[in-house]
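Trainee: Sequence:
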Amino acid sequence: MGIVNVTPDSFSDGGKHFGFQAAVDCGVRLVGEGADILDVGGESTRPYSTSVDVEEELKRVVPVIQELSQRVAVPISIDTSKAIVAREAVRAGAQIINDVCGFKDEQMISVAQETGVALCAMHMQGTPHDMQDNPSYRNVVEDIFVYLQSRRDELVRKGIDSRRICLDPGIGFGKTHEHNLELLRSCSQFHRLGCPLLIGHSRKGYIANVIGDKQRSRLAGTLGVSLTLARQRIQILRVHDVQEVRDALNLFLTTGGLE
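Numbering (the working numbering), first residue to last: 6 to 264.
By construction, these hints were calculated from the structure, which means they are not laboratory data.
These figures come from a predicted structure and were not determined experimentally.
For glycine and all other residues, C-beta sits at the position ideal for the given N, C-alpha and C.
Each pair of labels, with its calculated beta carbon distance range:
1) R34 with K219: 22 to 30 Å
2) S167 with D30: 30 to 38 Å
3) R236 with E61: 39 to 47 Å
4) Q194 with I216: 22 to 30 Å
Construct all of the structure, not just a fragment, from the sequences and the given hints.
Mentor: This is the structure in structure tokens:
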């Protein structure tokens, strides 16, 4: 899954793809590099970020999704926690709703029911504005497993086919450095939930805590963790550097990485 941030304040690219043409060009390039899905977002969810209003988010993402849906042959995901944005994005051509709030909003569930598209429900402790203040768990893997299980079960109770549901433990969303590492080591445990798993590990702060904060270190760290996730047979890797990750995975598989 290639990331298209239509935001001026993303933690990873600092607004490099903010604006219609830059975002479209980014999406087309990522598909050319081998992305199987594009994830388009118009609101930064970096730590301590603040929400943008609905109209602004719509203005950012809807034209980009409309254009990309005409130019690429892969599914497009809308990364949003707002029901209005999700609905309009699907009308514009999105085939997946990726909600960092885990579809806890009944209106988001209604959009899922109405549209019939695929869903990704993520775990986050708190909100982007306060999630890193003091995250704590009894057992981070067990606690998040129970949470994702409850979100899956709630969606199924509301009539969503479980085959449409993907789950994400939310690396970096209300987790300490040690929480993130424990989740990355233990992602395979979430296969017991019976849904495809999505992991967003790309360029995040836990990498800098281990190997330094240079940009190339973030890439090297992303590649290393991508192989760890591939070994655990995680189905969807949400990344910025599609070409590099795909090349690393191809070599990993070619040289018997899963044997």
